[in-house]
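Q: The task is simple: from the sequences and hints, build the whole structure.
2 protein chains.
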Amino acid sequence: MFIGAQVSLYPMTSDFVGVILSGLEALSPYKDQLRIETDDMSTLMVGSPDPLFDATRDLFARAAQGPAHVTMHVTYSRGCPGEPDDPTCRCDTLTTAQDLTLDRRQQLARDAVRDAPVLGVEIDVQFSLYVLGQDRHMDEIYGCIDFLKESGTFLRSKNFCTRLRGDAGAVFETVRQAFLRFGPAEGHVTIDLTASANSPTAR
Amino acid sequence: MFIGAQVSLYPMTSDFVGVILSGLEALSPYKDQLRIETDDMSTLMVGSPDPLFDATRDLFARAAQGPAHVTMHVTYSRGCPGEPDDPTCRCDTLTTAQDLTLDRRQQLARDAVRDAPVLGVEIDVQFSLYVLGQDRHMDEIYGCIDFLKESGTFLRSKNFCTRLRGDAGAVFETVRQAFLRFGPAEGHVTIDLTASANSPTAR
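For the record, the sequence lines run as chains L and Z.
Using the working numbering, read the first sequence as starting at 1 and increasing by one per residue.
Using the working numbering, read the second sequence as starting at 1001 and increasing by one per residue.
Treat each hint with caution, since some may be false.
[To be verified] Restricting the straight-line Cα-Cα distance to at most 20 Å, the calculated cross-link-like pairs of lysine to any residue (SDA-like) are:
| no. | chain 1 | residue 1 | chain 2 | residue 2 |
| --- | --- | --- | --- | --- |
| 1 | L | LYS158 | Z | GLU1037 |
| 2 | L | LYS158 | Z | ASP1086 |
| 3 | L | LYS158 | Z | THR1096 |
| 4 | Z | LYS1158 | L | ASP86 |
| 5 | L | LYS158 | Z | ILE1191 |
| 6 | Z | LYS1158 | L | ASP39 |
| 7 | Z | LYS1149 | L | GLY82 |
| 8 | Z | LYS1158 | L | PRO81 |
| 9 | Z | LYS1158 | L | ILE36 |
| 10 | Z | LYS1158 | L | THR43 |
| 11 | L | LYS158 | Z | VAL1046 |
| 12 | Z | LYS1149 | L | GLU83 |
| 13 | Z | LYS1158 | L | GLY82 |
| 14 | L | LYS158 | Z | LYS1158 |
| 15 | Z | LYS1158 | L | PHE2 |
| 16 | Z | LYS1158 | L | VAL46 |
| 17 | L | LYS149 | L | ARG165 |
| 18 | Z | LYS1158 | L | ARG165 |
| 19 | Z | LYS1158 | L | ARG35 |
| 20 | Z | LYS1158 | L | GLY79 |
| 21 | L | LYS158 | Z | GLY1082 |
| 22 | Z | LYS1158 | L | MET41 |
| 23 | L | LYS158 | Z | MET1001 |
| 24 | L | LYS158 | Z | LEU1044 |
| 25 | L | LYS158 | Z | ILE1036 |
| 26 | L | LYS158 | Z | ARG1035 |
| 27 | Z | LYS1031 | L | ASN159 |
[To be verified] Selected chain L positions facing chain Z (in silico; Cβ < 8 Å):
| no. | residue |
| --- | --- |
| 28 | TYR10 |
| 29 | MET41 |
| 30 | THR43 |
| 31 | THR71 |
| 32 | GLY82 |
| 33 | ASP124 |
| 34 | SER128 |
| 35 | TYR130 |
The hints are simulated quantities; they were obtained by calculation from the structure and are not laboratory data.
As the structure is a computational prediction, the values presented were derived from the model and not from experiment.
By construction, the Cβ of each residue, glycine as well, lies at the ideal position given by its N, Cα and C atoms.
A: Right, here's the structure in full:
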């Protein structure tokens, strides 16, 4: 199994380099658990979903604490058949998820969001979950959408994606649960996510 | 068939509102062909791939002509089973694509990129193509990657995505061909794309 993300932070300020560098400091606690490589378009993070989602959450929460409007795009991926197996990506939640009924997985996902830490940073997210390599991919996606609607962070459905809103802790836990508990454990699952904070557009 | 995109433009300047409004002017020629709706996170565009990819290209090319570092994220989608049929999304290229061999589709895709207009704006793109609802989804993805490598806009492969570089005309035509000619004509296909211009990071 290979799990990781391509992450890009976009501060809408002329001091965008300063905001990016400050945000990257929030990754320090995860440098032992994730392989992190930055190029001119995005930062690759490879590792298990626990540090992976915590790191992207903390990166964005740090940047969102400043006054500037800031957004982040993340492509999360697990199980891509074109990637090598990597033992650092091992995840027990993922391994056991598919032995459970859809109802039970939805319950565990809701519990995890309820128990998420509160970071004190309000954010908006929209994201799409893609379950690949499966004839009946929409069953798992509809099951995930049912969980999202009961997650406490659901804002509304949009064409091609779902809007979430809330504290960064609960919102990123919602996305992690979507990534972990829906779609086959050994399958190819991806998420296309955009986060936003401090938008001048009226909420 | 329902075809469209969620589009977000991110200028890394304190005058980001001005750059976004200027970019949106580039959409005027497409307002009769696309349904366009903007909220606080993204702009929905619904319609056939001809105006859809031209509009996203022109939006980004306009914004990239200024001095500011600017990026854009687009989620393109066709054939999502959860969306209604929309006659304005009809596309003959898509309908006939799957009657052709992979070799022939790759050839037609290369021809289209060769004939793309030159906009005079150099851009970077990275994107992922997702073919959903199919057991053997990687066959079409590998076929698409072979086309990308011969497209003239290929820069390099990355984990989870492919980097392109070149004139905005050729780059967006490459992405449109990937979207149209790979994956089943009636299937669910999406693209997660990030574009970048005027980055201060050394190229």
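Q: Looking at the structure, which of the earlier hints fail to hold?
A: Violated: hints 3, 14, 18 and 30.
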